[in-house]
Amino acid sequence: MDSGQGTPQAAELNAIETTALTKRFGDMTAVDRIDLRIPYGQIFGLLGPNGAGKSTCIKMLTTLLDLTSGSAVVAGFDVVKAPAEVRRRIGYVPQMLSADGALTGRENLMLSAKLYGMARADRNRSIAEALLFMGLTEAAGKLVKTYSGGMIRRLELAQAMLHRPSVLFLDEPTIGLDPVARHIVWERLRDLRRDFNMTILITTHDMDEADALCDVLALLHLGKVAVTGKPADLKAALGTAATLDDVFVHYSGGSIQEGGNYHDIRQTRRTASRLG
Amino acid sequence: MTSARPAELPAGLAERSALLAFFSETAAIAQAELKKLFRDPTELFSRAVQPVLWLVIFGQVFSKVRGIPTGNVSYLAFMTPGILAQSVLFTAIFYGIAVIWERDLGIIHKLLVSPAHRSSLVVGKAASAGFRGAVQTFIIYLIALAMHIQINWNPLAIAGVLFAVALGSAAFSTFSLIIACIVKSRERFMGIGQVLTMPLFFASSAIYPLAMMPGWLQVVAFLNPLTYLVDALRGIMILGGQSVHSLFADLGILAMIFLVLATVAAKLYPTLVQ
Numbered sequence: 013m014d015s016g017q018g019t020p021q022a023a024e025l026n027a028i029e030t031t032a033l034t035k036r037f038g039d040m041t042a043v044d045r046i047d048l049r050i051p052y053g054q055i056f057g058l059l060g061p062n063g064a065g066k067s068t069c070i071k072m073l074t075t076l077l078d079l080t081s082g083s084a085v086v087a088g089f090d091v092v093k094a095p096a097e098v099r100r101r102i103g104y105v106p107q108m109l110s111a112d113g114a115l116t117g118r119e120n121l122m123l124s125a126k127l128y129g130m131a132r133a134d135r136n137r138s139i140a141e142a143l144l145f146m147g148l149t150e151a152a153g154k155l156v157k158t159y160s161g162g163m164i165r166r167l168e169l170a171q172a173m174l175h176r177p178s179v180l181f182l183d184e185p186t187i188g189l190d191p192v193a194r195h196i197v198w199e200r201l202r203d204l205r206r207d208f209n210m211t212i213l214i215t216t217h218d219m220d221e222a223d224a225l226c227d228v229l230a231l232l233h234l235g236k237v238a239v240t241g242k243p244a245d246l247k248a249a250l251g252t253a254a255t256l257d258d259v260f261v262h263y264s265g266g267s268i269q270e271g272g273n274y275h276d277i278r279q280t281r282r283t284a285s286r287l288g
Numbered sequence: 265m266t267s268a269r270p271a272e273l274p275a276g277l278a279e280r281s282a283l284l285a286f287f288s289e290t291a292a293i294a295q296a297e298l299k300k301l302f303r304d305p306t307e308l309f310s311r312a313v314q315p316v317l318w319l320v321i322f323g324q325v326f327s328k329v330r331g332i333p334t335g336n337v338s339y340l341a342f343m344t345p346g347i348l349a350q351s352v353l354f355t356a357i358f359y360g361i362a363v364i365w366e367r368d369l370g371i372i373h374k375l376l377v378s379p380a381h382r383s384s385l386v387v388g389k390a391a392s393a394g395f396r397g398a399v400q401t402f403i404i405y406l407i408a409l410a411m412h413i414q415i416n417w418n419p420l421a422i423a424g425v426l427f428a429v430a431l432g433s434a435a436f437s438t439f440s441l442i443i444a445c446i447v448k449s450r451e452r453f454m455g456i457g458q459v460l461t462m463p464l465f466f467a468s469s470a471i472y473p474l475a476m477m478p479g480w481l482q483v484v485a486f487l488n489p490l491t492y493l494v495d496a497l498r499g500i501m502i503l504g505g506q507s508v509h510s511l512f513a514d515l516g517i518l519a520m521i522f523l524v525l526a527t528v529a530a531k532l533y534p535t536l537v538q
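Protein chains in written order, with the numbering used here: chain L, 13 to 288; chain F, 265 to 538.
Worth flagging that the hints you see were computed from the coordinates, not collected in a lab.
Some chain F residues near chain L, calculated using beta-carbon distances under 10 Å:
| # | residue |
| --- | --- |
| 1 | Glu289 |
| 2 | Ile293 |
| 3 | Gln295 |
| 4 | Ile371 |
| 5 | Pro534 |
| 6 | Gln538 |
Which bits of chain L does chain F cover? Going by a derived footprint, with three or more residues having C-beta under 8 Å, they are:
| # | segment |
| --- | --- |
| 7 | 65 to 75 |
| 8 | 80 to 90 |
| 9 | 95 to 101 |
| 10 | 118 to 126 |
| 11 | 169 to 179 |
Not close to chain L: a few residues of chain F, all C-beta gaps over 10 Å, as computed:
| # | residue |
| --- | --- |
| 12 | Val316 |
| 13 | Val320 |
| 14 | Ser383 |
All C-beta atoms, glycine included, are put in the ideal place defined by N, C-alpha and C.
Whenever a hint applies, use it, and build me the whole structure from the sequences.
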């Protein structure tokens, strides 16, 4: 399953490589022999309905979840054999709005800086830079529970970029955000790639997001990669007027809005309700 | 597979000894917890209600009964360390609720993706629980002062009380964390928390001496960590108070229990997000 850019010759440039990556929960195969080649500096989208295996995939790549079989190398290190090395080189923004509401923006960042082992001399400077980058300098001293959903997401991006990771993982980065906030998040992600050559892997079930943001997509369906390629190529293959929705229906036989298990849906709704 | 190029470590991520990193991470977690606690101290005060009821109502009435042999101290003085230990247990045992809440918000996910040691995430929480215990100690001392209970005001004794309370809080909060890792839902946790607290309390020497208990209950009390916290406190907190075991033995047993629980919790912590 080649991403289009990650040819075997360029393998040493890959930020993420998985081989037959598999996760089973009891009888259920959540992720089924997935092969990914994602070069450094790419924005890559894992696309699929709830329950397609996107979150499970991201949990394995970020060392939160054991693999059932197969292997995964992230930022040059095997997630099973060297999880600590992987963790120091990645950033992660979970699906839920996970900044601590009872702390200020700056305190959230300071906690991250300390947990990532940043030297004392570098902490304040990095935090100030990250706040500026995300447009949160003025709000830094306020409690996060007073932030809007879009501000919390940007704070989480600031937390995730603080230690300048090589690879950034975002699980449904704009779920529940209003259109303006969504576009700001997309802009910041493009900036992170441009300024720091960060590799960014996002999961999404939002076709607009996939189209607007991602260089390359993999469409997941029932734990398998149904198709992978650049958004434009995927659409062009189906005819001039095709949308990514059409692509998805073509390869999975169903709409992206279908599917999903109770847990995923509950999670999504909880996030949506927290954002009002 | 290893053909992928290792990413260079970002500048500013200092190479440190594991021990130094452990302490620094633990301090960072504890500091964040304490900030939150001081910003919203209502819980600290609501937790003070129960010990007041026990000492002022239950204690006053039972000290009239004179059916409980408490040596050369009054029943009120006898039960004061027991009520402090109870207050420590009841607060610490629900620590896991907050962890489940943080898990549902994705905070735990983020902590676990960071390179911080799993053990520092656990011990940092335990340290903040220890600090809460210190605040409860302060409240119990205030009540005892108001009720003219014979307290040992020797600074060394007070330091000993604070240390024992911190150790007990750390042990019970880590036990609570383990339960949280197993049940993973607030509803189930509340049920288990309620079921655990009362038996632990009554099967300890908190409000009656071990010697009064029937044999089978003495066995349960012997296995109950709360007994050792009560025993340590009874020996040093009140004037003329007597403990069954030596202070060294009580604190040693509590420390061992904490170490074992923290090791188990550090192993289980990652399963919270799976």
